[in-house]
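Visitor: Just so you know, the sequences run in chain order H and R. Under our numbering, the letters of the first sequence match residues 1 to 464, in that order. Under our numbering, the letters of the second sequence match residues 1 to 150, in that order.
Each hint should be verified, as a subset may be incorrect.
[Unchecked claim] Under the rule of at most 25 Å between Cα atoms (straight-line distance), these lysine to any residue pairs were calculated in the SDA-like manner:
#1 H:K318 x R:E99
#2 H:K318 x H:I302
#3 H:K279 x R:K24
#4 H:K215 x R:P143
#5 R:K71 x H:Y252
#6 R:K29 x R:P119
#7 H:K442 x R:N110
#8 R:K106 x H:T315
[To be verified] Here are a few chain R residues that sit away from chain H, every Cβ distance over 10 Å (derived from the structure):
#9 F5
#10 N12
#11 L18
#12 Y51
#13 R54
#14 T87
#15 L109
#16 L120
#17 E121
#18 V123
#19 L134
#20 L137
These are calculated hints, taken from the structure and not from any lab test. Built from N, CA and C at the ideal position, the CB exists for glycine as well.
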Amino acid sequence: MNLMVLAVVAVFIGLMTINGYLSAQTVKQTLMIRDNYIPLVELGYRLETQFENISLSLRDAVSAQDQNGLEESINVKNELLAEIDKAAGIVDENEIIKLKASLEDYFSAAMETSQRMVKGETGEKIVELMTEMQSKRVLAHAALMNVSKFDRTKLNDAFTAIASRQERSAFIRLWVTIFSVVLIVSVSVITGRVFIARLDTISKGLARFGEGDFKQKIPITGHDELSRLSVHANMMAARIQSLVKEIESFSYSVAHDLRAPVRSILGFSDALTEDFGEKIPDDAKSYLNRITNAAQKMGHMIDGLLGLSRLNRTTIFKQDVNLSKIVLDTLITLEEAEPKHKVQYSVAENVHVKGDPKLLDVVITNLISNAWKFSRHTREPQILFGSKQENHSTVFYLTDNGAGFDMSYSDKLFGTFQRLHSESEFEGHGIGLATVKQIIDKHGGRIWAESEIGKGTTFYFTLG
Amino acid sequence: MSNKFVLLVEDNEDDELLAVRAFKKSNIKKELVVVRDGAEAVDFIFCTGKYALRDKNHLPEFVLLDLKLPKLDGHQVLSRIRKSEATKLLPVIILTSSEEEHDLNKSYLNGANSYIVKPLEAVNFIDLIRNVGLYWLELNKSPITKSAMA
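Bound conformation, chain R alone (with noise of 0.2 Å):
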């Protein structure tokens, strides 16, 4: 199990540079895996395009997905993984800087299983990091998927 990852879904390289930070101050021992956009995403995931060749029951423990993102946005990306047999339980937490409600309830209504804004100080974005850490790959029990039974 020790080859297991988080995927973070993030174009804004600074956020990216933040979240792998933060990742490491809150001691997560889990590889922190960035994509770019929403396409790159749904590659990584379904292993398509320049992901063919990666093991397809390699899933990420949970995805942290930004839901402005360039070619497919974050609910596109979302609407995918959950249409997918082999995705439909992955647990994916929205990571946004987006409070509308617009953005929250078609989320949730897509089958996301988080909604988290991004905060704007670097301290409560670390706190935040490590709570989502520690509640997701150590409190909750996730569903099993594929990956896990392999």
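Isolated chain H (complex conformation) (with noise of 0.2 Å):
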């Protein structure tokens, strides 16, 4: 990952840096035409003009007889030496003393003949000096073109370079754009994807650490933001476990030591009745049971409250169960145990589960002693077993025709020491069903319950 994005910026800096070294080349050509060939162009047409001027003087004053006319033009031949002097720069010296000494020879024979006819001379003698004079000016015009001439294919060139380095440039600007918006789009749809598939595994840890699950860890990747979320996610997991296993091993140590006095209080209250029975009067021996009641009670309680704290930490083992063989057989026993009590049952065949069969064993015990129990003051009591289809997950259910309870308790249900019913009406601990809820909860399922006093109650459960 990280040498792609290497290579990618490399590849982009190449670029950048070649599109650089074009402008550059172009910039430093642009200024060398500026520089050698414009001076030279505007140069030779100054020259030129001059040169011109010098002939249109002469010429002007042998045609007006002026004799100053003619001291004039010394004046204009002398104005294109200063100009042709200043080009000392551009050309070269020896040019520059040729042209010079060309156009003092043409001057001279120029000016002899204009004098000549200036006084009125005409014949064969000067029809020579104007053939001599014609023939220098040749030579002079040839020598000022000369120095201001240039190389034209160079020129040519310089141009054709700029030009070919310009498109170039372009062509690479172009692709630069390309590569940048490719780059763009998929620097952010890859880092997007990373993003979300990190996000996905953070929010997957945290739904397992929902469920109850703090063994596992998010895994930690990279050092940013997200990472930090992750680290502090774990150490917040790590928290609620060393919590949790806190009060764990608090509420079974504080159970377990509360189980020795309990002990105490119930063998000397025996040892009392037992031993000084006679003695005691009546009034103290209905209190003393009244003890003895109190600490049993408080005994089954705390053993209640270890089977629980127990059961917290039993690590479950899934395997094939037969619920159905399950619900016949609680029943069959508890119809033994009680044959006066009539019960009508329907138990749906070969209902079968993954799940760990000692604790399901618990919790269908559980779940039918309290039908059973709870229609002990029914008519025609009915206990029903089955198993239904609700979106994609099968819900077991156990009705009863009991004396059912108030829905609008139905949240302490499953609390630990709640119970619905007083105990005068139906016996019991408050633990049975905190029991139930607790092994559904470890098979990763669901409980709740359906109910309406005096028609029955409804138990629905799923297992993962």
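Join these two chains into a complex; the hints should help.
Guide: Shown next, in the form of structure tokens:
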């Protein structure tokens, strides 16, 4: 991943460097043209004009028969010479010397011819002089042209080079743009995907924490805010886990240590009754009875708590379990224990689940004992067991037509030591359903109930 | 053989008193010797410390051993008993209030002969002691230990 990013950045920098180099070359070439060719062109133009001016001023003087006009053309010539001197920086020194000499040569010939013509001289001599002057003019002009001449091929090459560089530069810029867009899009997509995948991992980890699985840890990737989030979530989970363990070991040791004094109370109450029974007045005996009953009740509660705490620390071993068989066996056991309580029951056959057989036995025994117990005052008691499909999961149900309970207290149904009936009505310690719920939770399932006073109760549960 | 006795390792005074009463009630004729913690139990069995003058060959018929004990716990005492040549066959019965799988399995792994959970009710406790006495003193044939040969 990092290597890929490095390669992309390298290509990017490479392209930008090439582009920069090309631009610099273009600028250099343009400046070269400005500094070398343009002055030459300008120089040639100026020299040409002034050279023409010399001929014109002489011709004007001759046609006006004006001696002073001739003298003035010397100034025109000197102006030209001064202009030529200015070109010293851009033109070869020797060329300038040659040019000046040929100019002087031409000018002196032109001057002489013009002076004679102003004086009115004609004839063959003048024609001869004029011819000579003309040939010197050609020479001077040629020298003049030579000074301002430049290499057209080179200029052409320079322009072509500039043009092609500009073209390449534009091409590279196009590619840089395309490359940038592709880079930005792919980086965003990849980053987005990675981000979402990591968020998904974190959310799954948190969900498992929510289910009470604190053994797993959210994997830490990278060193950014997301990994810090994972670290903190793991820390929180570890803290919760240690708190849960603390509470478990606390409730275990409290329950365990409470058992000893209860044993003493029961033991010595019994010793009192047995060893001094005749000496104890009847009132005292009844008090002693109450002490014994209370201690017994406390003992049962402590044993229930210890059972719950043990259950909390049990690991479940899932295998195939025939729930129908457990239900039937439990009902038969209850029938044998209490043959006077005639219950009509209907049990769905071959309801198999994956679960811990020992723990599911505890669930069924508790639920059926409840159904049995709460239908004791019902005229034609009935118990139904079955299963149905609901939202892609199997829901098991156990229905009785017993006493039922007020649904507005249903939140207390599965609480430890919570009871919805008085003890004089139905015996119990409020441990059974708390145990059932804990086992169902351990299986990753859910349990709930529907009930109506006097009509009966249905317990529903799923098993993960 | 009339000077035979049973050793009870129990730190709770109430439990000790109830055990003594249960022994009386169940008509067990053996003497019940009580030690209060794990270290004292080891001293008594191996005749060290304050029991240095005790006769080494005079071992109990069996030991009733609590697990939760001060100084050395029941598991440690049991390990010491099993490590020693003289006592490795001595019957040891764990008598505890713990129903933890961990305690149960560890006790048997360490070589306990029996594991009994203290019942809450005195009536049950007397029954239990009677049964233990009947089983370990009358029905069961214990291995021949050194003291028995002496």
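Visitor: Taking the numbered hints from earlier one at a time, note which ones the structure violates and give those numbers from smallest to largest.
Guide: 2, 4, 7, 10, 11, 16, 17, 18
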